[in-house]
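*Asks:* If you follow the hints, you should be able to join the two separate chains into one complex; please do so.
Residue-level listing of the chains:
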Amino acid sequence: MAQDSSKDLESLADTAKDPGLAMQKAAEENVGYAKVIEIKNLVKTYRNITAVNDISLDVYEGEIFGFLGPNGAGKTTTIKTLLGLIFPTSGTTLVLGKEAGDIEVKEKISYLPESPYFYEHMSAKEVVGYYGSLFGLKGAAKDKRVDYLLDLVGLQSDSKKPLRAFSKGMLQRVGIAQSLINDPKILFFDEPTSGLDPVAHRDIRNLILHLKSEGRTIFLSSHQLSDVELVCDRVSILNKGKIRRLGTVEDLIAGGNVEIIAENIDPENSDLGRLKAITSNVEFVGPKTVITASADNRSKNAVLDWVRSNKGDVVSVAQTRRTLEDIFYETVREGESGPHIPTSTTSTVSSN
Amino acid sequence: MNTIWIIAQGTFGEAMRRKILNVFLLVAIAIIIMGFAFGSLDPRQEMVTVRSIGLGIIELAGVFISVILSINLIPQEIERRTIYTILSKPVQRYEFLLGKFVGGLLTVLANIALMGAVFFLLVSYKEGHVNVAILKGLLMTFFQLFLVCSIAVFFSAFLSPFVNFFLTFAVFLLGSMSSVIESLGTQDSKKSIIAVDSLKFCT
Chain A
1 MAQDSSKDLE SLADTAKDPG LAMQKAAEEN VGYAKVIEIK NLVKTYRNIT
51 AVNDISLDVY EGEIFGFLGP NGAGKTTTIK TLLGLIFPTS GTTLVLGKEA
101 GDIEVKEKIS YLPESPYFYE HMSAKEVVGY YGSLFGLKGA AKDKRVDYLL
151 DLVGLQSDSK KPLRAFSKGM LQRVGIAQSL INDPKILFFD EPTSGLDPVA
201 HRDIRNLILH LKSEGRTIFL SSHQLSDVEL VCDRVSILNK GKIRRLGTVE
251 DLIAGGNVEI IAENIDPENS DLGRLKAITS NVEFVGPKTV ITASADNRSK
301 NAVLDWVRSN KGDVVSVAQT RRTLEDIFYE TVREGESGPH IPTSTTSTVS
351 SN
Chain B
1 MNTIWIIAQG TFGEAMRRKI LNVFLLVAIA IIIMGFAFGS LDPRQEMVTV
51 RSIGLGIIEL AGVFISVILS INLIPQEIER RTIYTILSKP VQRYEFLLGK
101 FVGGLLTVLA NIALMGAVFF LLVSYKEGHV NVAILKGLLM TFFQLFLVCS
151 IAVFFSAFLS PFVNFFLTFA VFLLGSMSSV IESLGTQDSK KSIIAVDSLK
201 FCT
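For the protein sequence lines, the chains are A and B, in the order given.
Mind the numbering: the first sequence is residues 1 to 352 in my numbering, read in order.
Mind the numbering: the second sequence is residues 1 to 203 in my numbering, read in order.
Hints are computed from structural coordinates only; laboratory data are not their basis.
One or more hints might be untrue.
To be verified - Some chain A residues near chain B, calculated using beta-carbon distances under 10 Å: (1) Gly-101; (2) Ile-103; (3) Glu-104; (4) Lys-106; (5) Glu-114; (6) Ser-115; (7) Tyr-117; (8) His-121; (9) Met-122; (10) Tyr-131; (11) Ile-181; (12) Asn-182; (13) Phe-188; (14) Leu-304.
We put the beta carbon where it would ideally sit given N, CA and C, even for glycine.
Only chain B is shown next, with the shape it has when bound in the complex (with noise of 0.2 Å):
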């Protein structure tokens, strides 16, 4: 448990210190500002856009920084061939692997917890009252994070980070869209609804 733990503060602390994170927190945080400039609405009408609206854009910048940084946890410690001087080390393999998608999950946990943190101060400060039905829809999304990096950090024990990247983006839209596909299922016949229900199993 300590080295997983170990190798995990390892990936946190190298991705957190990539470039590309910042960006999407800073574009992120900006369109959540940006989310407010619904003055021209009734408020409830514009409260209930911009938590819409800043929700999901939060769940897609996750999604992107997700998906990004998963598909990349393995194959570039092979790349640079890292993963040999520590699988040299007394690492399991499934230490190693575990490590470094705790690590992941740490990074996404963090930068959805900063750009919940904006958002939620925001509306909480127009609303005039603390809203955690934010923070319950800020927690769903972590765990749909965390379905997506599991799929991006096994996809990646086998393919390549470009292959992975549409892939784990098909997964994830398939899995967005079940209420859609769930509802041609109910229409149509029996066998189509067992076939949507594995499919909703699967994403």
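Isolated chain A (complex conformation) (with noise of 0.2 Å):
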């Protein structure tokens, strides 16, 4: 037994130095679970564009994964390639098992593009019973399908108008209904609440709850983060093509934030920029800074060492609760002002 703890004792020192192996420990926590998408060193070039940069990840059967990132983070591209809608330029995407694209695949998945559009003279029952007939459903079996599958979203009252006269809100239910028309195991969803109210926001985060009970695998790329923070099992943050962290949302969040608040720290400070390159947040508040880093040791140490140095008086230093939203931000900022400096040891992967 004390053998034991001297063992996790070692492999929690080995993976705070290690954030590979984290990563590496993160995915054998899910053996017994079959992966239904492998993504290896994907890369996508458009012309001198590299959308995507080397990117390798798996996604397991049943859970909710999360592919965050900013506008142009490769998000959109990385799903095309698993849809098989583009071709990669070097590395291989497996979805349950097979080559992304293949038919036998698409039998299985199903996607849910940003904004959908539909053929606007078509109803929603005309709709989504064209996307089923794809499917080779038709007569009875198809109408009963799309009939259960409008009453699930919400649309049946208003099933026989034509698209035209739809809200976005009601478009978007119109989507999530033709991605089931076949019932599929994995659902690729991006941005399914873009642009929803509050009440149609919930009824699809309470659906994609719905789905994960009913055994689905769904990859959700969003930047609700409030939402991801809440269904996601897993997450993978995304910036410029590579990803920046991977690991569960409690992983991720994990270790909290420290706000540190200095005074006699010039604004116009010439050095602030080494200081943002640590930290996620930087504000001045009246006379005092305000400086919101991650609590590890390394970046709280480096803040409080960047203020000694330009002169500053240290006021005080609080622990707060870190959400997704500050892991996001300070990736993106990573990204924007710099070097990478790990805030999550257990949760930080290199994508190469």
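*Replies:* So, in structure tokens, the structure goes:
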């Protein structure tokens, strides 16, 4: 027993030293679940622009996987590659054990694009039926499935209205209905709650949880970080074509933040760039400077060293809880202001 | 085959609701009716003029419909991102392309049939008998438009609709002038005959 505890401690120490090992361990926790998506060294280049730069990740059966990143990070490109809509420049993408884009795979997956457009002359019933026909559904079986799905997304009473009369939220619901027409094993949702009112937003979030409870895997790309934090089992954060963070939500937000309040720091200080490379947030409030950083010793000490070296006075140091939004913000800022400093050793990965 | 047909039906349904097609249709029908206003000519001359003008107008309206429809078939799907939803379903790329093409052809066929039916009935009424030559003329017009659609869809794969519009029209005009080009070619050297034949083959 004592030996086991000692091993656990050793393992923890190793993990703290090597973020890559942390990722491997996180993956090992999922042993027993089948990998339904495998991305290995994926690169996608458009002429001289590299949209996706050597990313590797696995998604396991039955999980909701959050795929985050700022605009232009490479999220949609990765999703399109997984759907077989575009071809990778190099690397491999396997979905359900087969090459992405394989017709047999497409029978078992579905896609909800961001702001979906459908044929406006059709009604909701017709458009969902149209997509059902592409899966070979016909006759009474198709009608029954379409009615069930429109009922599920709350559109039964509007099912015969043309889509041109639909609001954005209603179109989004049609999109979800069409994405379920084939009873898919994996759903790729690109911004499913974009532009929805709070009620519709909540309905769709609940629907995603309902779909997970049915054993489906959901690959969710979203900017609604509060939703992602609530529903996702694991999350990856992309920036500039590379995966900067990967792990469970708990791992990513573990450790919390530290809020350091300092005085006598000049807002025009020429060395501020170095501070911003370390911390997620620096704000000047009257004579005080509020610096928010990761609570790990390395980041905290780096900030305190910076304050002292710039002749500032530390007024207080207080620990706060981190949110996924903090992590996201931090990750994006790291990409903008230079070197990557790991803030959560258990979840930071190198995509190479 | 089933997938191609489903996509073709969807394309046909959408295209028939596009107002631009209806405008051409109405204009074509109106001009055909106007084509009968040649009462001052002697009856035989009048019917020759009416047949020529009628078929010419149907061909011109058909070309406009074919070009405007075909140059947008694929780019519009990409621009509106409908293509992503469809290609994420068990649909091969060639099935999608063929489905769109067949849907476009069905639209052209329906328009030609509608204009042709009006024209055929009026000519038959005026001549007092069924004129099968009109049907042959309409059929050949459809084959011509089939080629125009094919060229426009082909160009739409790598050209913008704007460039495609002029290029497809240019090909149509060159093809329509093939008899003129041929006569020019026969008067010139053997080399130019080969060039003209190649051009004819392309158009």
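*Asks:* Hint by hint, say whether it matches the structure.
*Replies:* Taking the hints in turn, this is what the structure says about them:
1. Gly-101: 9 Å, holds
2. Ile-103: Result: holds, 5 Å to nearest chain B Cβ.
3. Glu-104: 8 Å, holds
4. Lys-106: 4 Å, holds
5. Glu-114: 8 Å, holds
6. Ser-115: With Cβ-Cβ at 8 Å, under 10 Å, it holds.
7. Tyr-117: Given a least distance of 4 Å, the restraint on Tyr-117/A holds.
8. His-121: Cβ of His-121/A sits 5 Å from chain B, so the hint holds.
9. Met-122: 8 Å, holds
10. Tyr-131: At 6 Å from the nearest chain B Cβ, Tyr-131/A passes the 10 Å test, so the hint holds.
11. Ile-181: Constraint on Ile-181/A satisfied, holds at 9 Å.
12. Asn-182: Hint on Asn-182/A: holds, closest Cβ of chain B at ~8 Å, below 10 Å.
13. Phe-188: 8 Å, holds
14. Leu-304: Violated - the Cβ of Leu-304/A stays beyond 10 Å from chain B, reaching only about 49 Å at its closest.
The structure is inconsistent with hint 14 alone, although it conforms to all the rest.
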